[in-house]
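**Student:** The chain contents come next:
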Amino acid sequence: MLTPILAVIVRDLRLALRRRSDIASVLFFFIIVVSLFPLGVGPEPAQLRKLAPGVLWVAALLATMLSLPRLFADDYRDGTLEQLALAPQPLGLIVLGKIVAHWLISGLPLTLLAPVLGIQFDLSGEALAILTVSLLIGTPALSGIGAIGAALTLGVRGSGVLVSLLILPLYIPVLIFGAGAVDATLTGTGAQAHLSLLAALALAGVFFSPWPSAAALRIALE
Amino acid sequence: MSDRLFNWYRFASPQAFYPLAGRMIPWFWALAALFGIAGLYVGFLVAPTDAQQGEGYRIIFLHVPASWMSMFIYVVMAFWAGLGLAFNFRLSGMMAQALAPTGAMFAFLSLWTGALWGKPMWGTWWVWDARLTSELILLFLYVGFIALQSAIDDPRRADRAGAILALVGVVNIPIIYFSVKWWNTLHQGSSVNLAKSSMASVMLWGMLLCALACWMYSIAVALMRVRRIMLEREKDTQWVREELAREAS
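Protein sequences, first through last, are from chains G and D.
So the number in our numbering is just where the residue sits in the first sequence, counting from 1, plus 172.
So the number in our numbering is just where the residue sits in the second sequence, counting from 1, plus 6.
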């Protein structure tokens with residue numbers, strides 16, 4: 173069961189590494205959006221500290237969303253997706269592999285960048301640690317739920333905007349618990365409850381989302 | 007043909023359902039008007055003025071039914087969508103598509119009347135209360151469904167893609183609701199707690215009558231819309247041509 177998943181992950185990673193600029197542009201989008209906020213609301217450290225969890229998480233949501241079309245679109249265009257759908261392995265497993273690869277390409281780099289950007293917002297060491305942990309736990313859920321939207325909008329006109337309409341409302345719980353974890357650390361109430369719920373969302377998201385995504389892909393391929 | 011007394015599956019075909027829907031629509035309009043008049047009569051003339059909220063509370067006779075309908079229609083829509091996905095009924099997808107705008111309208115109406123109620127009661131048009139926020143997200147879900155359906159040209163694909171989205175949404179609604187509720191209690195005190203005085207039974211009756219009116223209205227409008235969708239999608243078939251010729255004459 174693991175072999176097809178691993179094969180898809182390795183393949184997607186290799187393809188992504190040959191087009192590093194795609195990864196870099198998503199990361200720079202994240203950096204730029206986060207850096208815009210202090211320019212918009214002013215540089216007072218106290219205010220920035222208060223805004224930091226929400227800003228970083230919303231920026232991570234948007235950056236993930238921007239990278240979603242690439243999840244299936246290239247394979248759809250050159251016909252690979254049809255071959256994958258015809259493969260004897262369940263399409264759900266293949267989609268799971270693609271979700272994991274997508275997380276390694278977008279979610280993980282975002283997580284690693286976040287503490288650096290958090291310093292711009294004058295976050296304490298503890299808050300930075302929780303921010304990183306919350307993104308580490310939460311971004312897989314974003315990739316998982318996002319796969320459903322990417323599959324549903326495959327080959328549809330105006331899919332870039334459409335995917336945001338479909339997916340952003342479903343991202344709200346992840347945002348609430350992710351930003352809430354950092355917020356709870358800042359106010360001193362402890363982040364553990366938030367992190368547990370975030371982990372639950374991520375597990376459920378990654379576990380269940382491949383099946384509706386696979387169903388949506390089959391509809392798109394008809 | 008089946009030898010059962012009444013074959014329900016017959017009406018899964020648009021051709022058989024079209025005239026039936028046409029016959030039902032006037033009845034549902036009549037019921038909507040009847041319940042509406044009764045509900046508004048009870049709401050405006052019989053129900054007493056509220057001790058704490060004065061006359062302003064009377065907007066709940068529209069607000070509460072609208073909120074109920076907005077949530078209920080999403081579930082019904084997801085039900086039809088799921089049925090269509092599972093059994094490939096043509097009619098199910100059309101029903102889901104016909105229900106979505108009505109549901110979105112009720113979600114919007116609920117937010118709007120809520121704002122009108124909030125201004126005199128809470129002194130503000132909008133608070134980030136858990137119920138308001140989740141109603142807003144419900145409106146977003148409706149908009150996403152409608153946008154996805156209208157972006158796909160092939161109706162069969164639109165139906166099935168919309169069905170998956172509606173089902174994913176219906177699974178997510180409780181998660182979203184509880185996360186918003188939790189977020190709300192963590193971020194701010196319950197400054198906006200509605201004083202839950204036990205509601206007078208007259209008020210409850212008025213509200214139930216208005217809810218029934220909204221219900222009948224939703225059915226009537228959904229049936230009218232589904233009839234138009236049927237004609238549009240089946241425009242190349244013989245029965246539509248005959249139907250249109252009959253309606254024109």
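Calculated directly from the structure, the hints in this document are not laboratory data.
Computed from a predicted model, the values in this text were never measured in an experiment.
A few of these clues could be false.
[To be verified] Quick look at which bits of chain D chain G covers, simulated, 3 or more residues with Cβ under 8 Å: (1) 139-151; (2) 161-168; (3) 176-190.
[Stated by the list, open to error] Not close to chain G: a few residues of chain D, all C-beta gaps over 10 Å, as computed: (4) Ala22; (5) Tyr24; (6) Glu61; (7) Arg96; (8) Leu154; (9) Trp245; (10) Ala254.
Just so it is clear, CB atoms sit at the ideal spot from N, CA and C, and this is done for glycine as well.
**Student:** If a hint holds in the structure, say so; if it does not, say that too.
**Tutor:** Each hint, compared with the structure:
With 5 residues bearing a CB less than 8 Å from a CB of chain G, the region 139-151 of chain D meets the requirement of three and the coverage assertion stands. Coverage of a stretch by a chain is defined here by at least three residues with a beta carbon nearer than 8 Å to that chain's beta carbons; for the region 161-168 of chain D and chain G the count is 3, and the condition holds. Only when three residues or more bring their CB closer than 8 Å to a CB of chain G does the claim for the region 176-190 of chain D stand; here the count is 7, and the claim holds. No Cβ of chain G comes within 10 Å of the Cβ of Ala22 of chain D; the nearest lies about 27 Å off, and the non-interface call holds.
For Tyr24 of chain D, the requirement that its beta carbon stay farther than 10 Å from each beta carbon of chain G is met, with the minimum near 27 Å. The beta carbon of Glu61 of chain D sits about 36 Å from the closest Cβ of chain G, which is more than 10 Å, so the claim that it is off the interface holds. In this structure Arg96 of chain D is separated from chain G by more than 10 Å, as the shortest Cβ-Cβ distance comes to about 15 Å. The beta carbon of Leu154 of chain D is not kept farther than 10 Å from every beta carbon of chain G, the shortest such distance being approximately 6 Å.
Non-interface status of Trp245 of chain D relative to chain G is upheld: no Cβ of that chain comes within 10 Å, the nearest being about 26 Å off. Taking the minimum C-beta to C-beta distance to chain G, about 34 Å, the non-interface status of Ala254 of chain D holds against the 10 Å cut.
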